[in-house]
Amino acid sequence: MRRYVYIDDSDQQDLYCDNRISNRKYTILNFLPKNLWEQFSRFMNQYFLLIACLQLWSLITPVNPASTWGPLIFIFAVSATKEAWDDYNRYLSDKQANEKEVWVVKQGTKKQIQAQDIHVGNIVWLRENDEVPCDLVLIGTSEPQGICFIETAALDGETDLKTRVIPSACMGIASELLHKIKGVIECSNPDKDIRRFDANLRLFPPFIDNDLCPLTINNTLLQSCYLRNTEWACGVAVYTGNETKLGMSRGIPEPKLTAVDAMIDKLIGAIFLFQIVVVIVLGIAGNVWKDTEARKQWYVMYPTEGPWYELLVIPLRFELLCSIMIPISIKVSLDLVKSLYAKFIDWDEEMYDEETTTPSHATNTAISEDLGQVEYILTDKTGTLTENRMIFRRCCINGIFYGNESGDALKDKELLNAVGSNNPDVIRFLTVMALCNTVVPLKSKSGVISYKAQSQDEDALVHAAARLHMVLVNKNGNILEINFNGLVILYEILDTLEFTSDRKRMSVVVKDCQNEKLILLSKGADEAILPCAVSGKQVRTFVEAVEQYAQLGLRTLCLAWRELREDEYKEWSLMFKDANSTFVDREWKLAEVCQRLEHDLEILGITAIEDHLQDGVPETIETLRKAGINFWMLTGDKQNTAIQIALSCNFISPEPKGQLLLINGKSEDEVCRSIERVLLTMKITTSEPKDVAFVVDGWALEIALKHHRHAFTELAILSRTAICCRVTPSQKAQLVELLKTCDYKTLAIGDGGNDVRMIQQADIGVGISGREGLQAARAADYSIGKFKFLKRLILVHGRYSYNRTAFLSQYSFYKSLLICFIQIFFSFISGVSGTSLFNSVSLMAYNVFYTSIPVVVSVLDKDLSERTVMEHPQILFYCQAGRLLNPSTFAGWFGRSLFHALVVFVVSIHAYADEKSEMDELSMVALSGCIWLQAFVMTMETNSFTILQHLAIWGNLAFFYIINCIVSTIPSAGMYTIMFRLCKQPSYWITMILIVTAGMGPVLALKYFRFTYRSSAINKLQQAERLCGPILSLGNVEPQLRSIEKDVASLSITQPKNRNPVYEPLLSDSPTATRRSLGPSTSFDFFQGTQSRLSSTYSRNCKDN
Amino acid sequence: MDVEVRSTSGSGGGTLPVPIYRRRSNAYYRFTQQNLPACKPVLTPGLVITIFLLTGVIFIPIGLMALRASQSVVEIVYRYDTDCIHESFRSNKVAYIKDRSISKNCTQFLKVQKHMKAPIYIYYQLDNYYQNHRRYVKSRSDRQLLHGLKYNDISSCQPEESNNGLPIVPCGLIAWSLFNDTYTFSRETAELKVNRKNIAWKSDREHKFGKDVYPFNFQNGTLVGGGKLNPNVPLSEQEDLIVWMRTAALPSFRKLYGRIEVDLEAGELLSVKFVNNYNTYSFGGKKKLVLSTSGWLGGKNDFLGVAYIAVGCCCIFISLLFMLLHVRNSRIFFGKYH
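Protein chains in written order, with numbering that gives the first Met the number 0: chain E, 0 to 1104; chain X, 0 to 337.
Bound conformation, chain E alone (with noise of 0.2 Å):
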């Protein structure tokens, strides 16, 4: 399906839609079925959802509907306003810009409308500095050339500016004349490919230009891009409204569930089948207790014949006093203080890059504790590692080396006499720097010449030729100025043949104005220039320069050119036009057309661009390889290069503590043997101390991962390190995937758009707000300004979160069930009938007020300080293994809540007998005894205390003794009195102070036991960093075994790691023995050629740092 846009032209108006934008979710109407809808679809709200209706039933509810209803409905309420809030907000953006007034030609005539009146078809007129309202084709601007600048940083968050031009139809077309133009554009429908538009202009009589013009992304004007450096423009409107690429490309992306809260999911479902036993268990109970019991107690009444329900009555009424057990709390608690981590990496000073003055930001504030559970990091290279500042260092022109003494080539005084003594080979080489790019000079009106280029490597070679007195002065539509030592020099840029990833060099086809000859000038990656070389002509020491090169870790260039002939050019000119205006594959077509001028080239030499490694980029990485995170390089980089980064940043260590193991091939064959001999040799090596690291380029990759995936998999779960250098965009995130497959929790890092689709593909995507744009950012999780702040943000953040959330999700569950198990227990003092010892205001405000607030505070726990936690990175272990947060911590909490409802009951059940046995004050006493027992709860798992906790914890108790004390004044109210009567009582007080001792001092004397005699790493820290003193035996805490018991035959991709994260502190404390492990020793058995089937038994011990 094609579009067909005629211009200005009121007929096929409302054939496609106005440019009314947009972004709301909800209109007025559906808000609320639609919003509810939303919310019905979790299981969790199904399910409160139900209970509340149950209650409605008043035959079998425990208390007053209320108490589920206001929670639920309060829940309900949050999460509406909020979305409503954020919808409202759109709604008031999308007002303001389609209430904007545009100036647009209608039938001839310019007026004023407002931009959402804009349609299909007319022209648009934009002054500098507006915002374009709508996807448009360039026809006209204020520039005689055609051209006009744009700043695109909304759509791709490219700061530099972009130059458009007009189609070559559309040239000299005065300005007065624009108002009256007729034609017609055929594109394609609506997509997302900011980067791509295929199109073709035909223009009307009296413009008629028989031609089709092909119309490509340089002739556009997108949405949401502002007009700079150009007194006014304008354009036909194609895409509008909703359509346009910025409108196509808004999506809601899918909301990433972290494994925390998958676990907490589980551990939701286990209590939601342990709920369901207790009812039918105690369902069967009491309807046995009632034919055998409740039938005799005559004040009963029980009715002989009952309705046919009454099977039902008592079960369903234990579902009801059992639905508590589910805290309905939980998952607002855990939104908010998920919103707080966020905040507190907003707010983290530490991670506030001055340089840029960019803080960090939370994108997705849902995710913060898989921070701490990261055991995979992907990292890009280029703007990640390094600072992705480009500087010019060596060059070696025609054979000679330039710069190797003082590692400035702009400094080697060879280089500088040879430019003052006109050498040709120089001459040519600072030609090529110049004008093979795409850089825009501006100047100033105190005449300093800036540059806006889109890649730092050009943005290099400029500056160097400038220094080199080769100065790219002006760009003047398709004419270029350069001055050379005060010489003028014109060129006329014929074709700009751009650079793809695939094709790795761009050559740009100019003309010299001076003895109009055509020259081709190219630039590019060496394997992709040096074969195009004139045949017979020595490039060896090219390839040795690059070689040496890349060893120093430098980025090559290499620069060539070649003279063209006039009817060569002419021939091929029409080629490259026609495919430039062809629509289906269209980059492919010009790939193939640009090869055909692309060769017999004479090679000039080689650039030799510097990128600074980022500050803290190797502590950062040794400090995260210490936490037992491992690190795999992705780069679009040369091998070479990518190992003496790796190498530089600590990712690998030099011989002989580390090994490569290079992974190449050409052929499936080759690749297939060269993975055997790196798994043959990894798996020799688990046992020594080494650190081994594969390397693998793109080719190879890209086989391995079609057909020799299994081994592939292998080798990644054995290695600690991996470098990928030329990788694609897709291959990172193929690779990513591959890890998620074998369930490591990923995160992925980049800063440029080539990592966005790793980043979204990633657990856990980590953007670098650099100066490749915000693209990365905007995709990203987490936008941070440094790498070094990945450190801080994985082993602080993440680990303070994590450890944050699996106390407060556990504690949650912990007071649901305590009053749950009391309220069970009390039903076999009732008859087994139901009762609820609570009433209904107590049983809301439980699980509302007292217990949440205390629990919310948490988040400001610190079980260790920030500076332990970056000297001893390797707890983080306890976190990754998920030790805080698993069914065997969770047992713990379970039994505790069991033995705590325990002691309360019995204890206010024998305290408060015989004619003390007041319903309402048993009750408020059995309530008072779990409010005490929290408050110590929450005192001994805080591990430091500020002001806000000891607020919180004993503000809430006080709290409740003046919520009941003011409940009890109102005459009304069932409780009116008790608790001024309790209080009172010495006995009460006395029944508390048992309650607290008896409950708390078993948990006490455990805790204190593991502490000090079974501790773990972290308590082993906390010993040492509060007492100041040594740091005993610490080096155990993470002796990583890795083995794998894996047979091949059998070996499945999606296998799960082995990995228990089951605490067992009096079993076996130390962290070795779980961790990936199925035995001490496991055999593996693989193929080799012969099909013989050999064995051997290895396991992977990996360097405990």
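Simulated from the structure, these hints should not be mistaken for laboratory data.
Accuracy of the hints is not assured; some may be wrong.
16 Å max Cα-Cα, derived EDC-like pairs, lysine to aspartate or glutamate [said to hold, decoys possible]:
1. Lys705/E <-> Glu736/E
2. Lys285/X <-> Asp82/X
3. Lys39/X <-> Glu1024/E
4. Lys39/X <-> Glu940/E
5. Lys39/X <-> Glu865/E
6. Lys137/X <-> Asp919/E
7. Lys510/E <-> Glu567/E
8. Lys285/X <-> Asp126/X
9. Lys295/E <-> Asp126/X
10. Lys705/E <-> Glu669/E
11. Lys116/X <-> Glu260/X
12. Lys330/E <-> Asp264/E
13. Lys787/E <-> Glu618/E
14. Lys110/X <-> Glu236/X
15. Lys113/X <-> Glu205/X
A short, non-exhaustive set of chain E residues, derived as facing chain X with CB atoms under 10 Å [as the list claims (entries may be wrong)]:
16. Lys342
17. Leu836
18. Val840
19. Ala912
20. Gln948
Computed from a predicted structure; not experimentally measured.
Using N, Cα and C, we set each Cβ at its ideal position, and we do this for glycine too.
With the hints as your guide, set chain X onto chain E.
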């Protein structure tokens, strides 16, 4: 030509808002940096051992005091439901209690073992009586008790809500099953005065039970449950009802019947005249008469005292255990490092 070249390309600046951290208040700033001053208690052996030792040392005396308070309370418990039954009906107690023609009077003698100081509380105790049963505990209408017929919605009183179309006042199972045994005490020859006033909570009398609500049709129906009420006395003065309506949470409970406001000497013989009306025979419940004095902890209840002593002993035991462990471990520790 001297050209100053300045790079402006991709200056990395974001469109992200740049917050300026104004140190509005130090505390808020430290909060945002998660850096509030905090105290980090640590479980040192000394601290834990001291806590347990101290708890034990404090708990045992409190326990002893509580036990003494409980022991000093003098209590006479007498189960009369088995004794106050005619010999001939021993085998069929339910028929006995249901037969209205038989006189339910019965006189028994209680011996005062110890000197009992006034006021002496008279309780009746019911065992195996589920006042906390869900059907029972819900079957009442607090608003009807206060407002009488002005309040019409008595659906909560099921199955004892109305009679001949009129709501029963007071409605519900609890009121309907009102306890109706009575006791009269006499010392040797003279009758012992029992104060039956002020046995219910003052708050209940004043705010929970209506002053102008009269039980005009109470127990008029076909099924008569427990006690009857004087229709000419407003609910707020029907103290037995008010006491009964305070449901007990346990299946065994005591309710106040009255007070004896003179001391009873040790060795005195009390004669109690029971009117044994209330049916506990059908479900095997027990009825007891309790005479008890009161201490600062209330009635006779050894639980708190015993529990305190037990917990105190446990604490001391644990602290000793930890002390031992600590000594042994530090010896090993020193042995290892010296």
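The hints, checked one at a time:
| no. | hint | verdict |
| --- | --- | --- |
| 1 | Lys705/E <-> Glu736/E | holds, 13 Å |
| 2 | Lys285/X <-> Asp82/X | holds, 11 Å |
| 3 | Lys39/X <-> Glu1024/E | holds, 10 Å |
| 4 | Lys39/X <-> Glu940/E | holds, 11 Å |
| 5 | Lys39/X <-> Glu865/E | holds, 14 Å |
| 6 | Lys137/X <-> Asp919/E | holds, 13 Å |
| 7 | Lys510/E <-> Glu567/E | holds, 14 Å |
| 8 | Lys285/X <-> Asp126/X | holds, 5 Å |
| 9 | Lys295/E <-> Asp126/X | holds, 14 Å |
| 10 | Lys705/E <-> Glu669/E | holds, 14 Å |
| 11 | Lys116/X <-> Glu260/X | holds, 9 Å |
| 12 | Lys330/E <-> Asp264/E | holds, 11 Å |
| 13 | Lys787/E <-> Glu618/E | holds, 8 Å |
| 14 | Lys110/X <-> Glu236/X | violated, 33 Å |
| 15 | Lys113/X <-> Glu205/X | violated, 37 Å |
| 16 | Lys342 | holds, 8 Å |
| 17 | Leu836 | holds, 7 Å |
| 18 | Val840 | violated, 14 Å |
| 19 | Ala912 | holds, 6 Å |
| 20 | Gln948 | holds, 8 Å |
This entry does not satisfy hints 14, 15 and 18, going by the numbered hints stated previously.
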